[in-house]
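S.K.: Generate coordinates for the entire structure from the input sequences, incorporating the hints supplied.
Numbering (the working numbering), first residue to last: 1 to 311.
If you are wondering where the hints come from, they were derived from the structure by calculation, not from laboratory data.
Yeah, the Cβ is synthetic: ideal placement off N, Cα and C, and Gly gets one too.
You may find that some hints are simply not true.
[Stated by the list, open to error] Dumping the calculated DSS-like pairs for lysine-lysine here, alpha-carbon to alpha-carbon at most 25 Å:
| no. | residue 1 | residue 2 |
| --- | --- | --- |
| 1 | 41 | 191 |
| 2 | 191 | 59 |
| 3 | 86 | 226 |
| 4 | 41 | 226 |
| 5 | 41 | 161 |
[Unchecked claim] Pairwise CB distance ranges (calculated):
| no. | residue 1 | residue 2 | range |
| --- | --- | --- | --- |
| 6 | 27 | 249 | 22 to 32 Å |
| 7 | 5 | 66 | 39 to 49 Å |
| 8 | 193 | 91 | 32 to 42 Å |
| 9 | 310 | 225 | 35 to 45 Å |
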Amino acid sequence: MDQILAINLPIFLMIAVGFISIKAKLLPMSSIPILSQFIIKISLPSFLVYALSTTPLQKIWQTTYFLGYALTSISVFCLGYFYFRKARSLPAEKASIFAFGSSMSNTGFIGTAVLTMILGSHAIPYLAMTLIIESIIMLSLMLFLAEMGRHQDLRLTALFKTTIQSLIKHPVIQSIVVGCVLSLISIQWPKPIETTLNFFAHTATPLALFVIGGSLSTLNIASIGKNILSICSFKMLLMPLTMALVFFCLPNTTSEMYFAALILAALPMASATAIYGQNYGVAEQASAAVMLTALLSFLSISAVLLLRPLF
Numbered sequence: 001m002d003q004i005l006a007i008n009l010p011i012f013l014m015i016a017v018g019f020i021s022i023k024a025k026l027l028p029m030s031s032i033p034i035l036s037q038f039i040i041k042i043s044l045p046s047f048l049v050y051a052l053s054t055t056p057l058q059k060i061w062q063t064t065y066f067l068g069y070a071l072t073s074i075s076v077f078c079l080g081y082f083y084f085r086k087a088r089s090l091p092a093e094k095a096s097i098f099a100f101g102s103s104m105s106n107t108g109f110i111g112t113a114v115l116t117m118i119l120g121s122h123a124i125p126y127l128a129m130t131l132i133i134e135s136i137i138m139l140s141l142m143l144f145l146a147e148m149g150r151h152q153d154l155r156l157t158a159l160f161k162t163t164i165q166s167l168i169k170h171p172v173i174q175s176i177v178v179g180c181v182l183s184l185i186s187i188q189w190p191k192p193i194e195t196t197l198n199f200f201a202h203t204a205t206p207l208a209l210f211v212i213g214g215s216l217s218t219l220n221i222a223s224i225g226k227n228i229l230s231i232c233s234f235k236m237l238l239m240p241l242t243m244a245l246v247f248f249c250l251p252n253t254t255s256e257m258y259f260a261a262l263i264l265a266a267l268p269m270a271s272a273t274a275i276y277g278q279n280y281g282v283a284e285q286a287s288a289a290v291m292l293t294a295l296l297s298f299l300s301i302s303a304v305l306l307l308r309p310l311f
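M.R.: This is the structure in structure tokens:
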């Protein structure tokens, strides 16, 4: 229990600081989107470029982990999509956003913070592969289905082109590619550049948690409906349970791999869900679901930490 508190307490204290700062008007709510952009475009890319470039490429890629995490994410996405299409009778673009939220964790913000606190440098390959799965496979799947639902007369080639263009411009994808290339050529950073990258990289964790807390300050409990509760159930219950089952059945798994996958699956849904939700008419519901899962993640992360000795 002491270990769980030692890991969880700093995380949720930093979230609390963000919450109080916005509630007490120490900072305006308008600062949250700006901080989010700084994390996505500066802090997280700096962390990924430096961490990946200083890690041997053979240590980054782990086929078993990649297959297990990808299989789980795609399975939960598909189940969520068909549930929201058939049971909730939502149009394809809205169902794809909700399925995306149901199957994609907040790896870039909270995952980076939590997993590096627990595993240190061992977290790097798991974070990199998870971000590849989420930023390429899951984002492509969501964008393709959403655009297909919105523009039913649009040709498939045009849809593929739009999706690929979105991926190429994504800062996380760019930083992963750059980091892996630099790892391949075994770059030795000059000290001033290494120090600069490190400074920016170390802002990712506290800023990400601060932003989550600031976002939570706008949560309206009255706005929580059946769709939001369904998304939360898929993300906070079905995804971790499916992840546990998949990795239990896969060969050549390690206890560290199993633990990393479960921690990342137990995270709240990606804040990108709310951003894309604005484009497809579900901004309020997506934002409420992001915030509610952030609150519930205290229980889910604690549960995985409590079960860690069993892995």
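S.K.: Now look at each hint and say whether the structure bears it out.
M.R.: Do the hints match the structure? See the list:
1. Distance check on the hinted pair: residue 41 and residue 191 sit about 23 Å apart at the alpha-carbon level, within 25 Å; holds.
2. Using a Cα cut-off of 25 Å, the hinted pair residue 191 and residue 59 holds, with the two alpha carbons roughly 24 Å apart.
3. Restraint check for residue 86 and residue 226: the C-alpha separation of about 14 Å stays at or below 25 Å, so the hint holds.
4. A distance of roughly 34 Å separates the Cα atoms of residue 41 and residue 226; the hinted pair therefore is violated under the 25 Å criterion.
5. With a CA separation close to 23 Å, the supplied pair residue 41 and residue 161 stays within the 25 Å bound.
6. For the hinted restraint 22 to 32 Å between residue 27 and residue 249, the CB-CB distance of approximately 47 Å leaves it violated.
7. In this structure, residue 5 and residue 66 break the distance hint of 39 to 49 Å, their C-beta atoms being roughly 32 Å apart.
8. At roughly 48 Å, the beta-carbon separation of residue 193 and residue 91 lies outside the given 32 to 42 Å, and the hint is violated.
9. Between residue 310 and residue 225 the beta carbon distance is about 36 Å. The supplied range of 35 to 45 Å therefore holds.
In summary, the numbered hints that this structure violates are 4, 6, 7, 8.
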